[in-house]
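Residue numbers (this note's numbering), protein chains in the order written: chain A, 3 to 893; chain B, 3 to 893.
Hints are supplied without guarantee of correctness; some may be wrong.
[Claimed, not checked] Residues from chain A shown here face chain B by an in silico Cβ test under 7 Å; the list is partial:
hint : residue
1    : G484
2    : S488
3    : F572
4    : E631
5    : D635
6    : I671
7    : V715
To be clear, the hints were calculated from the coordinates, so they are not data collected in a lab. Even glycine gets a Cβ: it sits at the ideal position worked out from N, Cα and C.
Protein chains: 2
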Amino acid sequence: MPLVYSFDHAHRKPPKDMKDLLGGKGANLAEMTSVLKLPVPHGFTVTTDACREYMRGGWPDGLDHELAVHVGSLEQKMGARLGDPNVPLLVSVRSGAKFSMPGMMDTVLNLGLNDRSVEGLARSTGDERFAYDSYRRFISMYGRIVLGIDGEAFEHPYQEVRRRSGAAGDGPVPASALRLLCTDLLQVVRDRTGRDFPQDPVKQLRGAVEAVFRSWNGARAIAYRVREKISHDLGTAVNVQAMVFGNRDDNSGTGVGFTRNAATGENVPYGDFLVNAQGEDVVAGIRNTEDLEHMKARFPAIHAELLGIFARLERHYRDMCDTEFTIDQGKLWMLQTRVGKRTGAAALRMAVEMTEPTGTGKQSWKISKREALLRITADHLDQVLHPQFASSGEPLARGLGASPGAAVGRVYFSADDVVAAAARGEDAILVRSETSPDDVHGMMASKGVLTSRGGLVSHAAVVARGWGKPAVVGADAVRIEGRQFSVNGTVVREGDVISLDGTTGDVLLGAMPLVSADPPEAYHTILRWADKIRRGTLSVRANADTAEDARKARELGAEGIGLCRTEHMFLAPERLPVVRRMILAAGPDEEQAALDELRAVQTEDFAALLREMDGLPVNVRLLDPPLHEFLPDVGELEVRAATTGLTAEESRLLAAATAWSEVNPMLGIRGVRLGVLKPGLYAMQVRALLDAADRVAAEGLEPIVEVMIPLTVSRDELALARSWVEEEIARHGREPDTATRSGLRRLRVSIGTMVETPRAALVAGELAEVADFFSFGTNDLTQMTFGFSRDDVESRMMPAYLEAGLLPRNPFETVDPDGVGELVRMAAKRGRKARKHLKLGVCGEHGGDPDSIRLFHDAGIDYVSCSPYRVPIARLAAAQAIVGADEPGSK
Amino acid sequence: MPLVYSFDHAHRKPPKDMKDLLGGKGANLAEMTSVLKLPVPHGFTVTTDACREYMRGGWPDGLDHELAVHVGSLEQKMGARLGDPNVPLLVSVRSGAKFSMPGMMDTVLNLGLNDRSVEGLARSTGDERFAYDSYRRFISMYGRIVLGIDGEAFEHPYQEVRRRSGAAGDGPVPASALRLLCTDLLQVVRDRTGRDFPQDPVKQLRGAVEAVFRSWNGARAIAYRVREKISHDLGTAVNVQAMVFGNRDDNSGTGVGFTRNAATGENVPYGDFLVNAQGEDVVAGIRNTEDLEHMKARFPAIHAELLGIFARLERHYRDMCDTEFTIDQGKLWMLQTRVGKRTGAAALRMAVEMTEPTGTGKQSWKISKREALLRITADHLDQVLHPQFASSGEPLARGLGASPGAAVGRVYFSADDVVAAAARGEDAILVRSETSPDDVHGMMASKGVLTSRGGLVSHAAVVARGWGKPAVVGADAVRIEGRQFSVNGTVVREGDVISLDGTTGDVLLGAMPLVSADPPEAYHTILRWADKIRRGTLSVRANADTAEDARKARELGAEGIGLCRTEHMFLAPERLPVVRRMILAAGPDEEQAALDELRAVQTEDFAALLREMDGLPVNVRLLDPPLHEFLPDVGELEVRAATTGLTAEESRLLAAATAWSEVNPMLGIRGVRLGVLKPGLYAMQVRALLDAADRVAAEGLEPIVEVMIPLTVSRDELALARSWVEEEIARHGREPDTATRSGLRRLRVSIGTMVETPRAALVAGELAEVADFFSFGTNDLTQMTFGFSRDDVESRMMPAYLEAGLLPRNPFETVDPDGVGELVRMAAKRGRKARKHLKLGVCGEHGGDPDSIRLFHDAGIDYVSCSPYRVPIARLAAAQAIVGADEPGSK
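Work out the full structure, taking the sequences as your base and the hints as a guide.
Put into structure tokens, the structure is as follows:
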């Protein structure tokens, strides 16, 4: 297999589908060149295979030869040669992995220049200033990216030259000054590396390609991949392309364009444009950009050509595309395209609108509703479900609303300070003049981002949008000075609280009140379509412990309660003393009295819950946590005992807490084990539940009750626990003085178990003999299958494991397909073999994770249950799992 | 299927193989009756099916009818009728489960007597004293066992009558006194139950059968089954048999006999005999018995007949049998036989001797070596490996050595006191005049048992021997008075220390020094045979952390070290400060300095271990426990901080202990996870190991090293850890100043992983790609598969679970076949599929458990590893697993 392909190579399948091999950028460049025949500068792509080979065993055999062949071919097409002293060819070298990793990978422009070819460039273009400006850019970029020299070492002399020459903006610095500057920069390289800057273009190219390869495993790239759940094994491709120049003159320019508005989804092209500039100037947001209307005024023909290309791209990709383009002395060149990133609101609007025809006649195109569904990710929904500000208030400043949602926090001026503040538990806002990949960790830890410079496609905007993190960019009025910023005389110091509205671009002083989001109409349309697809196949329930949670869950589309954790009822401050009396009880009478008291309040709680869920199933898990969770901390009491002394009551609590304390509570006396040791507890809970159901039924409502036994490991254990429940049901039915027996007859109760120990999954066949349903508790199942105590390993170990690639994903976020998933599949199969119509559900956080939902659906699960706010995402993901294709955002 | 079978029923297969249905006693009675045609009183057996049916749903339909039919048939054979006022039939009712449960199940004799038939008995036998003595026994037994009245209520009036009539021993009490006594006893029943004693023999029989059924689920029976690992589901059979009377006159008697000596194994019949007594008198040890030589003198013909029967039984059962027999007015009746229980030494001697012909000519028989092997249980070996006293000393008293082995402890006079003392951590000796089933829990908790009455088949002797617990019985000189005993004026008070020699029968004052056991020649013979069978199929290694352990292990036949826990080297008091310096290190230099110091001592430790194991594999597990195990307790330091204050050093330790403390250490940062977070640690250990191997090789010895990575969950994790080891190996090989490179070339190192998380078992296929071997850590695997923290659940929850039958066995003792065993089988299969010659081992306590070894063998394991003292048991069990039959003792 070749390691290098020309953009115009005749691939057997559409190059856009070959991102694995060519990377995203290379695939789309080849598509534009060889399929769409758009004006793309010639070039070639070094494949991801080459990168993987490099990572395994260093520079691949034969790559030098293939590069030489392709450089030769490119030189022939362009009529110019790399390093030629007369008509030199200049190329760009860019990374391009399968998935877009904005700003993470490094780009080298103007490669091929050296002390001799720069003269040729000056001569052949007749523009010495341009030639030396290009050379200075090349030396700086190459020095920084390939040779690893601090960028400041090049930036400082350049700023000095600009200052001395009195240049404003990016305006002309005299050629002579730039020539001297290049000499200085070459000296910087010599000083910093002890070697001369490479003059041989072949060496330059190899160095740049290798730098791209290396950057795949740079710390920033790894961190990004961990965050974005991209495999570390993919590697990146490298694109080498003939340079075109947007910085030749005022008849040149460069820009980025979206075929529709990426923030709102409106079907109007959108873009940023700069006259006489190179692409990096736009993306970095160093100069403020103009929009496409301004470009139309200046370059009407090119503007029309560009819009035509936009329409062709949309029709071809059947989606909104983003592009980079350059005008080189009046000629338009397309440098990149891809299916564009978008906000959640935009994604929803586009998906719905694209199901109606775009364009007219033969040129018109549309997508199906199923395709539309698959274009929405969990992040998109998250964004429209994000909180908004309750009122708008008078803004301190206004910038571009680059990433929607509202954020409130204390301001910090460096990424590290934000990370430190977040670690202290503060909500922090990162404020920068502009962001760079060096700031990514701070952006991640922040609640929102504010920049004073840059446009909607600046680094800050793109990254924040990708993460659904509120961002306001290009707020010109904000002047940052050390650890404070000022707006028209108002000073905001480090640690002061501000509010950001990433939708409107408003920046406000102090903390604005937040209200929950109001999703757009398209959101409801998409979820309606999703529900239609999944109805009868994969239900979505919510985990809810209170009537309030249940109401919210029902509003958000939950079709039942998949998990009611009854211990949350025990922990209410007014109930804790009763629970403690039960634990401390000197004899059965005292214990029973406390249990009776608890039963009264639990009955109330259950009744309120069942009322809200009238006609929908409510799955109640009997008490699960170990008893010491209801007792005070042993250590604290011991210290107090040794110092101030304890009351008699406290001494009894200390004794009980010590007696019930455990070395590994996760694996201790919890769940049904507690039920075995304290049988009155479960009987009390079941009785409260039945009384509540009875009461609700008497109100004419329809309670549907499921009783769930936690933490079972064997058939006999489950059979015993089942017998307690059945005894209470029988006793309940028999009680002659039950006023509402008519209600009881309408009550349906099923009895099942959590499958949350590996053994339960392994012996699912025998458990199914005595269970009406299984509910997979995948949180605990993950803890036990891996031997990972979430409390202990997730914060301390997991980041290191994910960065080192020892685990592909955090198994607490997305269910581990090979271990835990295997147990789920096994249990589902064995359970259903023993009991054909065994109902299977999943509760726990994986129930709201799209990739996990796909796995659960494949395993034959009937419903997933998640927190109320994840319900819409689960409804969508369930439909997507059924449609059966990969989500667009899936890795 | 019938619920009742006559002893002479023509079964289709030998009744002795039908213990599941007939129970052990019933099966052997049928065998003696219908196959061997021995003199057995007629009778019938109510099957275990009937008992199981009773437990499920009460008294079985049709059982009354079947009983009536069989009683009718029995009456016809005996020419007497139950309750007949002239010639009454009397029957015994005895339990008989599949497995012998000595003293646990209750027996009723003389059933069929009532106020009228007792007169008939007196008339028909012409012995009124005998008739009323039988009636008095019947009322007492029935009252106690069936009606649940305290036995003391009957015993007290009887002793009163004996005292008044001046009867010594069991000598004659006048008939008139006994008649009055019976009236009193009937009144006792009336007083205690509010009802008359049942006079209808049909009701009596039904009551007795039901009592036997009920007793299956009595607390004592359950406790015994838990201890003996007998399933609670089996149920018991009930044997109803015509009475014969050893207490008719001095031409009568009763006894128990063994076809060989059950204590030593010597091929000489052994037995206890009492003239004019019923069987219960012998077993209870109330009167001291005579041996068979005495019987021969008194009943020469019957003695010869009995020895003839012994020979026939041995030939028929091909094993030593124990028997109960009665002489009724000069006629010998066999009441029971079974393959007899025996001491470990006896079992070994018998097994070896029986491979040579017993008897002569056609009558001779022998067993194969394989059969001999299968007759030895783990308990047998345990017994001969038990410690003995170093010197004999002057005994305070001497009794019968009823169960071999030596015990030292404080004396207590009730079972409850022993249990309480054991709970306090004391070694306790139970001292009783005789024991009964009520004492079983105290015997279990004791280190040894001493009784002043009873013989080698008394309750105390049989139970203690079954458990391999040292016991001295029938120490006549011991006089128990409240909470002390005296021997010829020497007083031993509660809490005083004594020593027991269960082999010699010596009782000594104070604590005698103990030495390890010296197994008999037959032990070595059996293990030689075992080794021959298992060689090349299933190896046995030992878990050993020190050279001393390793030496012992090699002595006991270990073929390598299966697990060296390197953390034990870290915990030595002189090393702990260095380990703490490593943990507290302020920077990499301090850390490296501490690591270097540790490396020096670890090298010494490893070298000593490898030296002992010259030529055998040594599997070294890299550091496994979480770091806080090497730090002081947080709680203690906090209390001290709040009271006396801490030194600077202690404050640092507190900070570190807090930082490293974990909520669930079992599932925390341990094993390879620690290696990932502190990579220098594992590199240090590997280097120490290689240096040690090098040093040992230079001495001309052959070190064989296996490096084991603990707690892995994924292929990438294992690959990373493997790379550390390989780097150290490469670095070691490269070091130019290694003086002993010639040694290194002979060094073999393999690298593998523990399989101790469920996930490791599930993804064994991918782990095998980077592992030379797996070692199943079944302790941790059990903890995670069940979600059982051994620290928390084993003492608090497991007893309740086992008694309630929620788990069939303690999964920490015998590997759980359905859950953990399933994972082992799965991992073995998947691992071998990926790597055909993957070596598979088991370390952890299950490696020394016979039932578990059988499972491991079936799963294709290459070796098991256990503690040194379990090695002989594992060698035997491995051979038995290969021979493939059930052990005789298996349940």
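Results of checking the hints against the structure:
1. G484: Violated, about 31 Å.
2. S488: 41 Å, violated
3. F572: 20 Å, violated
4. E631: 12 Å, violated
5. D635: 10 Å, violated
6. I671: 6 Å, holds
7. V715: Holds - the Cβ of V715 (chain A) comes within 7 Å of chain B, reaching about 5 Å at its closest.
The structure fails hints 1, 2, 3, 4, 5 (numbered hints given earlier, in ascending order).
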